[in-house]
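Numbering-wise (this note's numbering), the sequence shown opens with residue 11 and increments by one.
The set of hints was computed from the structure by calculation and includes no laboratory data. This one's a predicted model, so the numbers in the text were calculated from it and none came from an experiment. The C-beta atom is built at its ideal place from N, Cα and C for all residues, glycine as well. You may find that some hints are simply not true.
In the DSSO-like style, the derived pairs of lysine-lysine whose C-alpha atoms are separated by at most 30 Å in a straight line are [stated by the list, open to error]: (1) K381 - K365; (2) K198 - K339; (3) K344 - K365; (4) K365 - K93; (5) K124 - K347; (6) K111 - K93; (7) K365 - K339; (8) K346 - K381; (9) K62 - K344; (10) K111 - K198; (11) K62 - K93; (12) K111 - K346; (13) K62 - K347; (14) K62 - K365; (15) K339 - K124; (16) K198 - K346; (17) K93 - K381; (18) K381 - K347; (19) K381 - K124; (20) K124 - K198; (21) K62 - K111; (22) K198 - K344; (23) K365 - K347; (24) K62 - K339; (25) K124 - K344; (26) K111 - K124; (27) K346 - K62; (28) K365 - K111; (29) K365 - K124.
Simulated restraints, written as ranges between beta carbons of each label pair [unchecked claim]: (30) T269 - P22: 44 to 50 Å; (31) D244 - Q121: 18 to 24 Å; (32) T229 - A352: 32 to 38 Å; (33) V289 - A30: 29 to 35 Å; (34) P266 - D148: 26 to 32 Å; (35) Q231 - K347: 37 to 43 Å; (36) D28 - A395: 26 to 32 Å; (37) V394 - R209: 37 to 43 Å; (38) R73 - N267: 49 to 55 Å; (39) G119 - D259: 48 to 54 Å.
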Amino acid sequence: MTFTTVAGGRAPIRMWADPAEVEDQAMGQLRNVANLPWVHGVAVMPDVHYGKGATVGSVIAMRGAVSPAAVGVDIGCGMTAVKTSYTASQLPDNLAYLRSKLEQAVPVGFQAHKRPVDPARLHGFPTADWAAFWRGFDDLARAVRPRRDRAEVQMGTLGGGNHFLEVCADDEGAVWVVLHSGSRNIGKELAEHHIEEARGLPHNQDIPDRDLAVFVAGTPQMEAYRRDLFWAQDYARRNRALMMALVRDVLRRHLPNITFEPEISCHHNYVAEERYDDVDVLVTRKGAIRAGTGELGIIPGSMATGTYIVRGLGNEAAFNSASHGAGRKMSRNKAKKTFTLADLEAQTAGVECRKDHGVLDEIPGAYKDLKAVMAAQTDLVQVVAHLRQLICIKG
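Build out the structure end to end from the sequences listed, making use of the hints.
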């Protein structure tokens, strides 16, 4: 599929989704952001849907400005995947036992570690800049400084909602580990603090939607936001790396002689400094991955619909981006009212996972069709591998 250009903004809106199938609320958000005076362009991914503050599945390039709501409240949320030397046929018959061991190693939901994880005890984990990273906490916004102890014990934890840890097999039978998480509560608090700060600035009083309030270059508010933003993005990256190290240690104990290929990792709620049309811009991807030429990325579906490992094609019309997943097609509340536990059991048949009311809102039927999403972005990425879930752990 090639993109469709939608009118109604100062800047172009290029869509890899059918505009007729996008909710009116989401289209309104997209037009509002395209009318901001700082916006260079907007690219809309095929998993687009309405989101708090700004549309999920949107890529926004701004000149000398950034909207914290266009990043999302889980700063740095993203994916990490690693291919192992095992095949599915080598896994134990009792996947429930392996799942329990993984759940013991990686806290889920509201749980945290009893004490901060010492990365030096994890096999091969790089620790050279770990202390320097934590020293940066003292420079964050005063509003979050009392949260350091919690941030430390949440490092290396999964969280809840749509976050997950999975053991998968690709179409050739190779076993992979895939996880989805972000900057935990510390990223959320930083995001909410800065969104509120931006809403009160004079230049944001007359914009179409105050939820899209921006910081502008050359101001102390922008510098403070950039400092906290990039620290939180780093926290999210380290959080996933620490979890993956914990998972690898579990698998080494229970799967003899297993080895691991280099990790693939990508944010899908973040800001990057990039250049398009000979213009330096700040690109926010909220529910989108970077897909520059040759860059590897991860596009998951839901609890039982698989995940794609992809290679970017470097499409600059999309600001070198692609979708971050299948995208929800109904709210959590609607999913709970629409589906039953019997539906959940049927839709997750063959996957070792929770099948209770606590994850009913994550049922595959609440998400868009992943194959259709992939078919809509063949000019953005090429598929490297397709994975199917064997174990899915959710908070």
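Against the structure, the hints come out as follows:
1. K381 - K365: holds (24 Å)
2. K198 - K339: Holds, at about 24 Å.
3. K344 - K365: At roughly 18 Å apart (the allowed maximum being 30 Å), K365 and K344 satisfy the hint.
4. K365 - K93: Satisfied, since the Cα-Cα distance of roughly 27 Å is no more than 30 Å.
5. K124 - K347: Violated: K124 and K347 sit about 36 Å apart, past 30 Å.
6. K111 - K93: Satisfied, since the Cα-Cα distance of roughly 19 Å is no more than 30 Å.
7. K365 - K339: Roughly 20 Å between the alpha carbons, so the hint for K365 and K339 holds.
8. K346 - K381: Judged against 30 Å, a Cα distance of about 24 Å means the pair holds.
9. K62 - K344: holds (17 Å)
10. K111 - K198: Judged against 30 Å, a Cα distance of about 29 Å means the pair holds.
11. K62 - K93: violated (34 Å)
12. K111 - K346: holds (29 Å)
13. K62 - K347: holds (21 Å)
14. K62 - K365: With Cα atoms ~28 Å apart, K62 and K365 stay inside 30 Å; holds.
15. K339 - K124: Roughly 37 Å separates the two Cα atoms, so the pair is violated.
16. K198 - K346: holds (25 Å)
17. K93 - K381: holds (22 Å)
18. K381 - K347: Status holds; Cα separation ~25 Å.
19. K381 - K124: With Cα atoms ~41 Å apart, K381 and K124 exceed 30 Å; violated.
20. K124 - K198: Judged against 30 Å, a Cα distance of about 21 Å means the pair holds.
21. K62 - K111: violated (35 Å)
22. K198 - K344: It holds: about 24 Å lies between the C-alpha atoms, which stays within 30 Å.
23. K365 - K347: holds (16 Å)
24. K62 - K339: holds (15 Å)
25. K124 - K344: Violated - the C-alpha atoms of K344 and K124 are around 35 Å apart, more than 30 Å.
26. K111 - K124: holds (17 Å)
27. K346 - K62: holds (20 Å)
28. K365 - K111: Measuring from Cα to Cα gives roughly 18 Å; hence the hint holds.
29. K365 - K124: OK: K365 and K124 at ~27 Å, within 30 Å.
30. T269 - P22: 44 to 50 Å: holds (47 Å)
31. D244 - Q121: 18 to 24 Å: Roughly 23 Å apart at Cβ, these two residues keep to the hinted range, so it holds.
32. T229 - A352: 32 to 38 Å: Violated: the Cβ-Cβ distance is about 55 Å, outside 32 to 38 Å.
33. V289 - A30: 29 to 35 Å: Once the Cβ atoms are compared, 31 Å apart, the range 29 to 35 Å for A30 and V289 holds.
34. P266 - D148: 26 to 32 Å: Given range 26 to 32 Å: violated, Cβ gap about 44 Å.
35. Q231 - K347: 37 to 43 Å: Cβ of Q231 to Cβ of K347: about 42 Å, so the range 37 to 43 Å holds.
36. D28 - A395: 26 to 32 Å: holds (27 Å)
37. V394 - R209: 37 to 43 Å: holds (41 Å)
38. R73 - N267: 49 to 55 Å: Once the Cβ atoms are compared, 53 Å apart, the range 49 to 55 Å for N267 and R73 holds.
39. G119 - D259: 48 to 54 Å: violated (21 Å)
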